[in-house]
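A.B. asks: Model the placement of chain D on the given structure of chain Y, informed by the hints.
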Amino acid sequence: AQKVTQAQTEISVVEKEDVTLDCVYETRDTTYYLFWYKQPPSGELVFLIRRNSFDEQNEISGRYSWNFQKSTSSFNFTITASQVVDSAVYFCALLNRDDKIIFGKGTRLHILP
Amino acid sequence: EAQVTQNPRYLITVTGKKLTVTCSQNMNHEYMSWYRQDPGLGLRQIYYSMNVEVTDKGDVPEGYKVSRKEKRNFPLILESPSPNQTSLYFCASRGLVYNEQFFGPGTRLTVL
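Quick mapping for you: the protein sequence lines, in order, are chains Y and D. For the first sequence, my numbering begins at 1 and goes up steadily by one. For the second sequence, my numbering begins at 1001 and goes up steadily by one.
Honestly, the hints are just simulated from the structure, not real lab data. Keep in mind that this is a model prediction, so the values were computed, not measured. Please note that the accuracy of each hint is not assured.
Distance ranges between label pairs, derived from CB positions [unchecked claim]:
(1) Y/10 - D/1012: 41 to 49 Å
(2) Y/10 - D/1079: 35 to 43 Å
(3) D/1016 - Y/11: 26 to 34 Å
(4) D/1044 - Y/41: 32 to 40 Å
(5) Y/12 - D/1040: 26 to 34 Å
(6) D/1099 - Y/67: 16 to 24 Å
Some chain Y residues judged to face chain D by a derived CB distance under 7 Å, without partners named [said to hold, decoys possible]:
(7) 43
(8) 45
(9) 95
(10) 101
(11) 105
Glycine included, C-beta positions come from ideal geometry on N, C-alpha and C.
Here chain Y stands alone, though its shape is the one from the complex:
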């Protein structure tokens, strides 16, 4: 089965705290891609990162970092020193050999001032 699970439906943290959004995927393919998207209150879907299955190197982009672990089929997303502007719904997604992108249900993140 091809599946993406974001177990955290909603998270609230106080500004400046670190927060990690979990993503667990299932796929029978050895070649696949993983993505994270951000959907702010304005509604658009913003591409954040793409990672292919052969590249397990962690990625850091400013306050954002991603931890890809094939052994646990996880691709977690951490925001360091969160800000109110980080409040959004975040989606994890999987592109497999079927050439179809499967999305998780999303995690709604509230950053409280």
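C.D. replies: Then chain D, alone, in the frame of chain Y:
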């Protein structure tokens, strides 16, 4: 600027009145698709297209039609809209080399 555009952004219509939501991309992407987003259900794929004149059903194709006559355009057609098609719709395009999928700004459709 590389982008996916959709029109209209907002639409209120009545049951049974045919409508078309346009989608255009300027990145020469082969792959285009339509999604709908509903509370609690996430993003669900309606239709997709691998290239010109090649389209296929996604997870929720009932009540929708698409066409891909040109590489840049992928309109979504609702021949006879019903209230259960009230939703937020996204068009997306993706190149087949780097596989980054970009989304349009969304179309919020209300069917009364």
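A.B. asks: Taking the hints in turn, state whether each one holds.
C.D. replies: Comparing the hints with the structure gives:
{"no.": "1", "hint": "Y/10 - D/1012: 41 to 49 Å", "in the structure": "29 Å, violated"}
{"no.": "2", "hint": "Y/10 - D/1079: 35 to 43 Å", "in the structure": "37 Å, holds"}
{"no.": "3", "hint": "D/1016 - Y/11: 26 to 34 Å", "in the structure": "42 Å, violated"}
{"no.": "4", "hint": "D/1044 - Y/41: 32 to 40 Å", "in the structure": "21 Å, violated"}
{"no.": "5", "hint": "Y/12 - D/1040: 26 to 34 Å", "in the structure": "19 Å, violated"}
{"no.": "6", "hint": "D/1099 - Y/67: 16 to 24 Å", "in the structure": "20 Å, holds"}
{"no.": "7", "hint": "43", "in the structure": "5 Å, holds"}
{"no.": "8", "hint": "45", "in the structure": "4 Å, holds"}
{"no.": "9", "hint": "95", "in the structure": "6 Å, holds"}
{"no.": "10", "hint": "101", "in the structure": "6 Å, holds"}
{"no.": "11", "hint": "105", "in the structure": "4 Å, holds"}
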